[in-house]
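Q: Sequence order for the protein chains is A and B. Each residue of the first sequence is one higher than the last, beginning at 1 in this note's numbering. Each residue of the second sequence is one higher than the last, beginning at 1001 in this note's numbering.
Quick caveat, the hints were computed from the structure, so don't treat them as lab data. Heads up, some of the hints might be wrong.
Cross-link-like lysine-lysine pairs, in silico, DSS-like; alpha carbons within 30 Å at most [stated by the list, open to error]: (1) A:Lys132 with B:Lys1029; (2) A:Lys25 with A:Lys114; (3) B:Lys1042 with A:Lys116; (4) A:Lys25 with A:Lys174.
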Amino acid sequence: MGAPGAEAAEREMPGGNGYVGRALKRKEDPRLITGRATYVDDMVLPGMLHAAIVRSPEAHARIASIDVSAAAERPGIEAVFTGADLDGVAAPCPMVWAPPGVEVHVPDHWPLAKGKVGYVGQAVAVVLGDDKYAVVDAAEQVLVDYEPLPVVVDPEAALRDDAPVIHDQFGTNKVFEWSLAGGDLDAAFAEADVVMERRVVNHRTAGAAIEPRGALAEWREGRLTLRSSTQIPHIARVILSIQLGLSEERIRVIAPEVGGGFGSKLQVYGEEVLVAWCARRTGRPVKWTATRSDDMATTHHGRDQIDYVRIGATREGRLTGIHARVIQDCGAYHLIEGPVIPTFTSCVISGVYDFAAVRTDVIGVFTNKFTTDAIRGAGRPEATHLIEVCIDQLADELGIDRLELRRRNFIRDFPNERPHGFVYDSGDYDGTLDRCLELLDLDGFRREQEELRNDPVHPVYRGVGFSTYVEICGLGPSRALGPDGWGMQGGYFESAQVRVLPTGSVMVYTGTSPHGQGLETSFAQIVADRLGLAPDAVEVIHGDTDSGPFGKDTYGSRSLSVGGEAIARAAQKVQEKAKRIVAHKLEAAPEDIEVSDGAFRVKGSPEQAMSLAEVATEAYIPADLPDGMEAGLDELSFYDPDNFVWPFGAHACVTEVDPETGRVEIVRWIAVDDCGPAINPKLIDGQVHGGAVHAIGQALYERIAYDDDGQLVTGTFVDYGLPTAAEVPSFETARTETPSPTNSLGVKGVGEAATIAATPAIVNSVIDALRPLGVTYLDMPLTPERVWDAIQEARR
Amino acid sequence: MIPPEFDYAAPDTLDGALQALADGGEEAKPLAGGHSLLPLMKLRLAAPTLLVDLRRVPGLRGAERENGSWRIGALTRHADLQSRAELGVIGETTALIADQQVRNRGTIGGSLAHGDPASDLPTVLLAAEGTVTVRGPGGIRELAAADLFRDYLTTAIAPGEIVTEVRMPALEGWGHAYEKFSRRAEDWAMVGVCALVRRAPDGSCADVRVGLTNMGATPLRASAVERSLRGGPLDREAIARAAEQAAEGTDPPGDLNATPDYKRHLARVLTRRALQRAAEA
Chain A
1 MGAPGAEAAE REMPGGNGYV GRALKRKEDP RLITGRATYV DDMVLPGMLH
51 AAIVRSPEAH ARIASIDVSA AAERPGIEAV FTGADLDGVA APCPMVWAPP
101 GVEVHVPDHW PLAKGKVGYV GQAVAVVLGD DKYAVVDAAE QVLVDYEPLP
151 VVVDPEAALR DDAPVIHDQF GTNKVFEWSL AGGDLDAAFA EADVVMERRV
201 VNHRTAGAAI EPRGALAEWR EGRLTLRSST QIPHIARVIL SIQLGLSEER
251 IRVIAPEVGG GFGSKLQVYG EEVLVAWCAR RTGRPVKWTA TRSDDMATTH
301 HGRDQIDYVR IGATREGRLT GIHARVIQDC GAYHLIEGPV IPTFTSCVIS
351 GVYDFAAVRT DVIGVFTNKF TTDAIRGAGR PEATHLIEVC IDQLADELGI
401 DRLELRRRNF IRDFPNERPH GFVYDSGDYD GTLDRCLELL DLDGFRREQE
451 ELRNDPVHPV YRGVGFSTYV EICGLGPSRA LGPDGWGMQG GYFESAQVRV
501 LPTGSVMVYT GTSPHGQGLE TSFAQIVADR LGLAPDAVEV IHGDTDSGPF
551 GKDTYGSRSL SVGGEAIARA AQKVQEKAKR IVAHKLEAAP EDIEVSDGAF
601 RVKGSPEQAM SLAEVATEAY IPADLPDGME AGLDELSFYD PDNFVWPFGA
651 HACVTEVDPE TGRVEIVRWI AVDDCGPAIN PKLIDGQVHG GAVHAIGQAL
701 YERIAYDDDG QLVTGTFVDY GLPTAAEVPS FETARTETPS PTNSLGVKGV
751 GEAATIAATP AIVNSVIDAL RPLGVTYLDM PLTPERVWDA IQEARR
Chain B
1001 MIPPEFDYAA PDTLDGALQA LADGGEEAKP LAGGHSLLPL MKLRLAAPTL
1051 LVDLRRVPGL RGAERENGSW RIGALTRHAD LQSRAELGVI GETTALIADQ
1101 QVRNRGTIGG SLAHGDPASD LPTVLLAAEG TVTVRGPGGI RELAAADLFR
1151 DYLTTAIAPG EIVTEVRMPA LEGWGHAYEK FSRRAEDWAM VGVCALVRRA
1201 PDGSCADVRV GLTNMGATPL RASAVERSLR GGPLDREAIA RAAEQAAEGT
1251 DPPGDLNATP DYKRHLARVL TRRALQRAAE A
């Protein structure tokens, strides 16, 4: 996206290097803050039709009949389509995880239901018309006769023999079962003096991006253009090609400004395929914009695991083995990759600890709920939650200080191959915890905690909780993730093209698809340093499959560590070519040219220099280039990492609990994160703040809840409690910088880190506060009633 | 999020508004700040055929002192009342309604006419024994709070009538407190308690009123608490004892975040806290 009006304070920045590491303001903010950004719903095309979707009010039912006649006859209605009309859709939604040797049940999931529905909100018909009000009114006139079937919403109930089977063809609600393990688990538990067991519930949440989903499809001269609020325009094009049976070069997908995704737009939804199909069928552009209610019901949810955890340890506090049985509620159908999400849980289930044996058994289950898939952290928040809560639980069982137990088991040698085969790239877990404790003043806190608690008039219950986490991101090495590894049917490289323009400014095309992260700024900083110009003179272009190389989009905290590295490599190629041109012109050796102070200079004679603009002139008026050199200054790079990257850190959360009501307030938050050397510390702070708020939401307020009939009872922002500024503390953030050996920038991802880190810090903190009252364990969300109940239970 | 079709009128006199409502029939609704009605329409839970917007009707805004009461125009926005100490419990409570954006639009008359038992102002009006003035085809009526709230989202205001004014006793010499317990700052009350206390010269309780938010289909008075305290001492023990009766006779609806039992517990705790704070004021 362009940045018209990016009149940031940095506008007058001089060319040079040294921009990496600086807390520059975001180039993209002026247009976002002043309302000049363009989202899908802002777009109007001539002759455009609006779409409204008829959705199932039933959680599980056979569709006996659909009568669209009344709707179709209303004024302004162009067409009404049902599942029976979708002959032109060649394939159902593909699910791209096919692990070698594991059977995964994948029911056909069509953009409009065919024959039956499996969840409330499933699309049954689409109404097209000239006016967005007319189509919604007409949608109410589509008469669907449902024959209700028995409903199952509890994943453990769904696994029982007497449960109603949602997809008859499989004869079971089990989606798949597989294990990821390493080390001798039996020996590990035999060696243990203590085995701690817990059932940990990680409840269902929503991504809740403030811009709901939306898609606008245009069919013109045999070519489809889809503008969609998506994180993955490149992947979407591949999938649309499959689903529409349309040759890939005839499809263009554009992600214009995208108002938040958090994983929920790492998806190709039925509506995107549907509007594309409708545009082709009617010959007119078709736009659909989700309402908030649509979004809550049918934008994929996340989490929803029940984890049975066993951890073995010796009396002295040496951890021996960890085993988790993970029951993942997949919902009624899959979208593109839902069933793989708990695999990410298994990657970091043993956290920052040196276990000799690790085993995770994952069982996916169909229920009559909407699909779960990747939401910020995608499997790793569940892992951190269970290991970090259980470490506290175990410490208390062993009578060992909770931080001491952690320190006795920290992994300290890097790179470190874990028993289940993953190699942690680099880390300094003591370092982040030390820094966190420095900021916290734990001794001071414990004194204050005691004093407040013993106040004779107003006893106040405060607690502190910690999370020392590691996460896996930077998706990813295609060798590990791909068809022969985990079984993802795709590659996970990233592409970049760095194009110097004839006047010496730069266009960068990235295969990532930023949507709020600030990557236009950090990418520009990386390029500026390598080419000796100001970040302001670097325009980062993304989110359009018609410009730049094929890419792999934005998710899994990959954009900087994979996409940024690709950009650094492409910029490096440009720099090397420029050096050869400069050397040729200045009669020096290429290895004696350096980029310094905004120009390409001869080492030792800095007055002998050429600006990038001068180099570009030579490259584009190629009258005097070195022998054999092609014209132009425009380089491409594809980067596929050798390993994942493994960010880590320590969070501390101080809470205060009202024992009379169970209300939890967050008093302090200290976040020490290590994502390698900072490209832009301001962006890191922003991601840490947002990530922690996301986790605070899950820990205290947010919950997607269905009743026993499969009705969604949290279908609006009134019921689904996103935290606001009034609910969150002022964050105290700090960093340590341990470079990753995986990429040349040394960077690790940070978009999900705080979300992955934070929920156990809150839960551990509340348990710490209430331990004097006898409370020893709590599941999220820590609603006042749940906390109050636990206090009452402990008193009995 | 897209309401069904409706007609819209914005007359510039009260008579014009009454006429428009009369012409519009049973399904016509007056529109004040719109922060309760419009969301219901967008969710298609309400479908009035005509909205009569009162924004141009003059003389329905502002708070004026008249003898022992505050006369507050029905279209006065929460933001115009919030945190004004001279308004007593109204000033305290309006500052706690939803968030500032809602307070900038929502009106006192609209909130009372909507009759949501989870809203704060109906409870305050009930506890303070205020009244609302309504104008309709049949003339002017004055409705006491005790007669106003009939059932969930149902008031004694008839179709075709418009709330023009709210009268709140000034309650000089009373202590007041509104304790609101909600999940997030902007949420409706899970339970709310309005306590108004007047001490006798000897420090005992000359009079007391306690209103409960979201403990039933309408706002409620905790009359057992009031009886227990009236005429007796106003110390911590007496308040704590009285507050134990706060949930007596209530049948609060449960929801995802609060069971009826928990709400009754909250009513007792919040009543004690509200009374304590009002008694100390």
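Q: Hint by hint, say whether it matches the structure.
A: Right, here's what the structure says about each hint:
no.: 1; hint: A:Lys132 with B:Lys1029; result: holds, 24 Å
no.: 2; hint: A:Lys25 with A:Lys114; result: violated, 50 Å
no.: 3; hint: B:Lys1042 with A:Lys116; result: holds, 29 Å
no.: 4; hint: A:Lys25 with A:Lys174; result: violated, 49 Å
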